[in-house]
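Protein chains: 2
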Amino acid sequence: MSGEHVEGLLKELRAIVGVEHVLEGEALQPLLEDWRKRYRGWARAGVRPDSTEAVAQVVSACARHGVPLVPQGGNTGLCGGATPADDRAVLLLTSRMNRVREIDTANDTITVEAGCLLQQVQQAAETAGRLFPLSLAAEGSCTIGGNLATNAGGTQVLRYGNTRDLTLGLEVVTPQGDIWHGLRGLRKDNTGYCLRDIYIGSEGTLGVITAATLKLYPQPRAQRTALLALPSLPAAVAVLERVRAGFGAGLTAFEVMAAMTLQAVVHYFPEQRLPFAAETAPWYALLEFSDSEDEVHAQSRLETVLGAALEAGEALDVAVAGSVAQSQAFWHLRESIPLAEFRMGKAIKHDIGVPVSRIAAFVEKTNAALQAAFPGVRHVIFGHLGDGNLHYNVAPAPGQSEAELLALQAQVYDIVHGSVMAHGGSIAAEHGVGQLKRDLLPRYKDPVEMALMRRIKAALDPDGLMNPGKVL
Amino acid sequence: MSGEHVEGLLKELRAIVGVEHVLEGEALQPLLEDWRKRYRGWARAGVRPDSTEAVAQVVSACARHGVPLVPQGGNTGLCGGATPADDRAVLLLTSRMNRVREIDTANDTITVEAGCLLQQVQQAAETAGRLFPLSLAAEGSCTIGGNLATNAGGTQVLRYGNTRDLTLGLEVVTPQGDIWHGLRGLRKDNTGYCLRDIYIGSEGTLGVITAATLKLYPQPRAQRTALLALPSLPAAVAVLERVRAGFGAGLTAFEVMAAMTLQAVVHYFPEQRLPFAAETAPWYALLEFSDSEDEVHAQSRLETVLGAALEAGEALDVAVAGSVAQSQAFWHLRESIPLAEFRMGKAIKHDIGVPVSRIAAFVEKTNAALQAAFPGVRHVIFGHLGDGNLHYNVAPAPGQSEAELLALQAQVYDIVHGSVMAHGGSIAAEHGVGQLKRDLLPRYKDPVEMALMRRIKAALDPDGLMNPGKVL
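Same order as they appear, the protein sequences are chains A and B.
Quick note: the numbering used here has the first sequence finishing at residue 472, numbered continuously throughout.
Quick note: the numbering used here has the second sequence finishing at residue 472, numbered continuously throughout.
Hint data in this document are derived by calculation from the structure and do not stem from the laboratory.
None of these values were measured; they are calculated from a predicted model.
Far from chain B by the CB rule (all over 12 Å, computed), these chain A residues:
| id | residue |
| --- | --- |
| 1 | Leu-32 |
| 2 | Ala-312 |
| 3 | Ala-329 |
| 4 | Arg-343 |
Here are some chain A residues the structure puts well away from chain B; computed CB gaps all over 12 Å:
| id | residue |
| --- | --- |
| 5 | Val-6 |
| 6 | His-21 |
| 7 | Ala-63 |
| 8 | His-65 |
| 9 | Glu-126 |
| 10 | Ala-138 |
| 11 | Glu-139 |
| 12 | Pro-231 |
| 13 | Met-260 |
| 14 | Leu-274 |
| 15 | Ala-325 |
| 16 | Gly-399 |
| 17 | Ala-410 |
Under the rule of at most 30 Å between Cα atoms (straight-line distance), these lysine-lysine pairs were calculated in the DSBU-like manner:
| id | chain 1 | residue 1 | chain 2 | residue 2 |
| --- | --- | --- | --- | --- |
| 18 | A | Lys-349 | A | Lys-37 |
| 19 | A | Lys-457 | B | Lys-445 |
| 20 | B | Lys-346 | B | Lys-37 |
| 21 | B | Lys-457 | A | Lys-445 |
| 22 | B | Lys-445 | B | Lys-37 |
| 23 | A | Lys-457 | B | Lys-457 |
| 24 | B | Lys-346 | B | Lys-445 |
| 25 | A | Lys-37 | A | Lys-445 |
Think of the CB as a built atom: it goes at the ideal place given N, C-alpha and C, for glycine as much as any other residue.
Starting from the given sequences, assemble the full structure and let the hints guide the process.
Rendered as C-alpha cells:
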C-alpha cells in the first residue's frame, strides 16, 4: 500500500474517533511490545474508538483499505496475541470501551464493554452484592475483552469454569464491519449454532468482541483457605478427590506447588513465611472452601474433611488460615511463584493441561526425560490441579546460564509437549496460542480439526485481515 | 438420481454395515415419523453402522452419491429434527453405537458413543460412584447423541448447565467423511477455535457426532425435595434468589408450576395428591437441595432457608418430602404435567427463555395479550424458573375444540414469540429448532447472526447434505 493510501485511511480513522485517538509515533511505542518483552511488532497507528458503532466504522475502513487489524486490551497476554505480527496493521485499542452497561441482579448477569478491566467487573459485581468469579494474576490490568479473546482461566475454574463458561451473550463486530447484537442474558437458548463460543478463545482472528453479558453468582457467606503439606503428587490427587466429594461445589480453588517453588518464594522474599518447617514435604496444595452457610459451619466442615485427609495419610500437615490476613498471606505465597521464578533466571515455560488422572504420571515421566537429556535443570511446577492445568517450567541447572538454557528451548519443548500429547493433554491450556504456539499447533493437533478451523477462518474472515499471524 | 444410482449406493451401504443393517420397507416406517406425530418424512433407507469408521464410510458413500443424510438417535425430539425433510435422504441410525468406552473416575469423565441412551450414561456413572447430571423426561429412550445434537437442557441445568456445559470432548465425522478425533478429557484447552461447541446444538447439520467425553460429578451425600405454595410469580423469583444464596450450588432444581397445571394433574390422575389443599396458591415451586455433607445437615439447612422464605411471606406453605418415596411423588406431579395437558386437549406449545428478572412481567403481559385476542384460552405454564425457561402452552378455552384452537396457531405464535423478543428472550430454549422453528428463526434472530450461521454451514457442509431442511 502506498504512502498516499495509508494517509487516506488515517484521515478516515481520525474522522471516526477524533484526531487525539489515533496514536502514532512515541505514543504508539509501548503498545507494540508484549509485557514479557518477547515480541515486538510495528503498526501504522493505534485507534481508540469509544463505541461499538465506532469500532464497526474502524473495521469497515480498514477492510476497505485492505489493512489488517490487531485488537489489543490490557496487553498482558503471555503468547504475543496482541502484538502485531504484520507490519501493515492498525492496532484497535479497546481502552475507551470501558462501561458497565447493565447489572441485572435478579437475572444474575452483568453486561460490560470489552475494555473494562477484569477488576472493574469484579468490583461492579461486588457492589451489587454478587460475585464475578473470574480471577487471575493480571486482573488489575487485563481487560475482559482480552479474557474473552483468550478464554482465560485462572484460579476459580474448578468451580465456575473458564471465561467461556461465564459468558452468556456477546456483541461482536465482524470482519466485514457488521455488528452482531448477541448480548442475551439467557441460560438456555438453542436457536442455532453457538457463535458465542467460536468467538470466545479465537484471539481476535474472527472479529472484535465489543461487549459481553456475563454470569454472576451469589457471594459466599464464609471462606476458608488452607495450605496442605503433601507426601507426593498422587497424594495431592487423592486429596483433591476427597475434597471435591466433601465440599461439593464449595471447593473453589485447589492449587498445587512443588516444594522448590515455595522454597524459592521464601528465599527471594524473606518477609514471606511458610506455616510449616521449610522441608516438610515435596508438594503443597493451597485450597479454598467457599460456604453458603456461615463462618462456624465453614470452619467445622473444613476441619472434618481435612482431618480425614490427615488421618488417611494423604496430607502430612494442614495449616488453616485463621484470619483474612493469613488467607491473603497464603495466596500471596502462591502468587509470588512467578516472581521468584524470574529471580531464579529465565525459565522455559509450558502452560499445559492433562487429565487429572494422568497428571502424576506425566510429571514423573517428563521430569525423568528432561533429567536424562539435560541433567540438573530444575523443575518449577505449580498450577491448577483441579483443572489438570500445570505451569510446568524448566529453570537453568545450577551453574547454567540463561542463554545456555534458552538455546535448548526447541528440544525442551519437544520433550515436554511430546509427553503432554502422550498423556492425552493440551499444549495450550489457559494462555492461548497467539504467536508463541501458532507453529506448534499443526504438529500437535488433529489434522481434521486444523482443517475445520481453517474452513471457519476462511468463512468468517475471507480476506485474512483479523489479527493475522495468530492462532492459524 | 436414477433408480440405478440409488441401488448402487444401497449396495455400497450394505457392504459397509452388513445387509441386515440397511433397513427398507416396513422396518423403516416407524423411523420416518417423530414421536409427537407432527412430522412424517421419507427416506431411501436406514443404515445402522456400529463403529465410527463405518459411520465415516457411510457418510463418504452418501457424499459421493450426493445423497443427504439424516442422523437419528432415540427419535424423541420435539421439533422434527430427526425426521427427514428431504425425500432423497438416508437415515443414519446410531443405535448400534452404544458402548461406554471409558470411565475415568480420577478425572471425573466418561466417554460414550452417540447411541448410548441417556439413562445408560447416568447408570454407568452411578455404578462408578459418580453423577452424570443431565436429566430429562425422555431419559429412558433418548440418546446422548441426540442430547448433544440439540444441546438438551432438563431439570438440573441450574446447577450443572446444559449438555454443552457437560461436554469436554467430541468425536465427529465431518460431511466429507473425515473423523475428527477430539475426545479430550480436559477442563482447560485453548488450542484454537472451540469446534466442540459449534457441533453441539447444530442438530446434525454440520456432521455426525459419534462419541463424547462428558463431565462427571461427585454424588451428593443427601438430597431434599420440597414443594412450595407461592402467592405469585414475583414471589417465586424472590424465593429463587433466596435459595440460590442460601444453598449455593446445592440448589440443583427449581421448577415452577401454575396452579392449574397441578390441579389438572390431580384431576386426571386422582391417585396423585397435592400435599396442600387444592386451592392454596396460584403458583407452586418444586425445589431440590443436594448436600455434600449428610442427611442431618441437609434437613437442618433446608428448614433454615425455607423457614426464612415463609417468614418473609415469599412462600405461603412448604411441604418437605419426608422420604425418598415422597420425593419421587413430588417429582411425579411435575413430570405428569405434559400428560395431564394432553388429556386437556392439544395445546399450542412454546419452549421459551427470558431473563429470570423479566419472567413475571413476560407472563403477565403475554397472558393479557392472549386473553384480549382469544378470550378464555387457558395458560398451561410450567418450567425451569432457575434457567428462565418456561413451557408456556396455550390450551383450548372451555368449549373450544382442538381444531378451533389449532387454527389460531400462527396468531398465537405471533403474540407469544413477539412478547418473548420484547422481553429479551429466546423462542427455542431447550428443544432446538429442527423443522418446527426453522422458518421462524430469520424473523426473530439478528440478521448478522443468521448470516454468520449460513457462512459456517456453507464452510463445513458446502454441498448441504447434512440433515437438510433443519435449523437453516
